[in-house]
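Colleague: If you want the building blocks of each chain, they are given just below.
There are 2 protein chains.
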Amino acid sequence: MVDEMPEMSLKAIGVVHNGLSTPPTPRSDWEKMTSEIVIDSRLTEALDGIEGFSHIIVLFWMHRLPKGDTPLMQRPMGNPARPLKGLFALRTPNRPNPIGKTTARLLERRGNILRVEGLDALDGSPVIDIKPYLPGYDAAIDATVPAWIIHD
Amino acid sequence: MVDEMPEMSLKAIGVVHNGLSTPPTPRSDWEKMTSEIVIDSRLTEALDGIEGFSHIIVLFWMHRLPKGDTPLMQRPMGNPARPLKGLFALRTPNRPNPIGKTTARLLERRGNILRVEGLDALDGSPVIDIKPYLPGYDAAIDATVPAWIIHD
Numbered sequence: 054m055v056d057e058m059p060e061m062s063l064k065a066i067g068v069v070h071n072g073l074s075t076p077p078t079p080r081s082d083w084e085k086m087t088s089e090i091v092i093d094s095r096l097t098e099a100l101d102g103i104e105g106f107s108h109i110i111v112l113f114w115m116h117r118l119p120k121g122d123t124p125l126m127q128r129p130m131g132n133p134a135r136p137l138k139g140l141f142a143l144r145t146p147n148r149p150n151p152i153g154k155t156t157a158r159l160l161e162r163r164g165n166i167l168r169v170e171g172l173d174a175l176d177g178s179p180v181i182d183i184k185p186y187l188p189g190y191d192a193a194i195d196a197t198v199p200a201w202i203i204h205d
Numbered sequence: 054m055v056d057e058m059p060e061m062s063l064k065a066i067g068v069v070h071n072g073l074s075t076p077p078t079p080r081s082d083w084e085k086m087t088s089e090i091v092i093d094s095r096l097t098e099a100l101d102g103i104e105g106f107s108h109i110i111v112l113f114w115m116h117r118l119p120k121g122d123t124p125l126m127q128r129p130m131g132n133p134a135r136p137l138k139g140l141f142a143l144r145t146p147n148r149p150n151p152i153g154k155t156t157a158r159l160l161e162r163r164g165n166i167l168r169v170e171g172l173d174a175l176d177g178s179p180v181i182d183i184k185p186y187l188p189g190y191d192a193a194i195d196a197t198v199p200a201w202i203i204h205d
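Sequence lines, in order, name chains P and R.
Under this note's numbering, think of the first position of the first sequence as 54, with each following residue one higher.
Under this note's numbering, think of the first position of the second sequence as 54, with each following residue one higher.
Hints may be right or wrong, so weigh each one.
The list treats identical chains as interchangeable, and a pair is accepted whether it falls inside one copy or across any two copies.
As the list claims (entries may be wrong) - In silico DSS-like pairs for lysine-lysine, Cα to Cα no more than 27 Å straight-line:
hint: 1; residue 1: 85; residue 2: 120
hint: 2; residue 1: 154; residue 2: 64
hint: 3; residue 1: 120; residue 2: 64
hint: 4; residue 1: 154; residue 2: 120
Hints in this document: simulated from the structure, not taken from any laboratory.
All values derive from a computational prediction rather than experimental measurement.
All chains should be built: construct the whole structure from the sequences, respecting the hints.
Modeller: Here's what the structure looks like:
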């Protein structure tokens with residue numbers, strides 16, 4: 054089944070600038086981090102109207118990950134004291150397709166540049182899509198999570 | 054800048070089954086639609102723990118889109134009465150990288166099969182990632198949207 058799938062290749066539409074070559078410690082520092090997303094200037098017009106949204110969804114390629122092994126079971130937050138879980142039950146960056154998906158606050162649009170807060174991408178990450186965040190579509194107001202994910 | 058980006062190609066991790074070859078009318082019927090996501094059976098173990106979450110984020114490839122032109126400015130909901138907006142300010146499927154991102158309710162996991170509600174993907178769509186929905190990370194509780202998007 055999966056082997057018959059079409060070829061799927063991505064084009065970068067922009068790049069992240071924030072000077073970060075490694076994740077901050079603690080990871081919660083991402084939340085206040087400001088980044089600039091520089092969109093390919095040939096696509097500037099495609100941003101028109103985005104400035105009306107308080108938040109955007111950024112899809113990006115986690116380009117700094119070492120290539121190679123993607124264990125199917127991993128430990129939450131890489132913590133050796135925690136039991137193994139399937140990678141699709143985790144937000145680990147080590148996934149078959151290293152795509153990050155972050156809801157970020159849009160602070161400013163200036164031409165082809167988006168200044169955002171809370172984007173947990175490293176400097177130089179290729180951006181592959183920008184979508185407006187729609188609360189009624191993207192949020193699940195009655196969502197629940199398992200107890201094992203809460204204890205960090 | 055963008056031309057120097059690394060080659061980014063995706064692997065399908067699964068496929069959507071729901072019998073839908075075109076979007077439902079009205080589009081709001083997606084919300085109650087049930088689909089099965091059949092994950093590549095070599096990846097079954099990577100789902101372990103997902104059953105504890107009420108919602109998942111599904112990234113998928115919108116494979117039925119006609120290839121070709123991607124206008125930078127498009128009309129919200131394809132409605133000719135509405136003014137043009139940049140495609141990155143819209144959720145139009147016609148984008149440089151045709152990746153859909155949906156928050157779906159997880160009804161059941163059965164081995165390598167996820168039964169979900171509210172996935173707005175057509176039958177046969179390649180699935181490229183499954184992530185657990187984390188309310189504190191994925192939702193923006195103070196999000197606002199522009200007035201032009203509300204009037205549909």
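Colleague: Now tell me, hint by hint, if it's right for this structure.
Modeller: Structure-based check of each hint:
1. In this assembly of identical chains, residue 85 and residue 120 lie within 27 Å of each other by CA distance neither inside one copy nor across copies; the values are 29 Å within and 39 Å between.
2. When the C-alpha separation of residue 154 and residue 64 is checked against a cutoff of 27 Å, the pair qualifies both within a copy, at 16 Å, and between copies, at 17 Å.
3. In the homo-oligomer, the alpha carbons of residue 120 and residue 64 lie at most 27 Å apart both inside one protomer (19 Å) and across protomers (14 Å), since each shortest distance falls under that limit.
4. With identical chains, the CA atoms of residue 154 and residue 120 are at most 27 Å apart both within one copy (20 Å) and between copies (25 Å).
Of the numbered hints listed earlier, the single one contradicted by the structure is hint 1.
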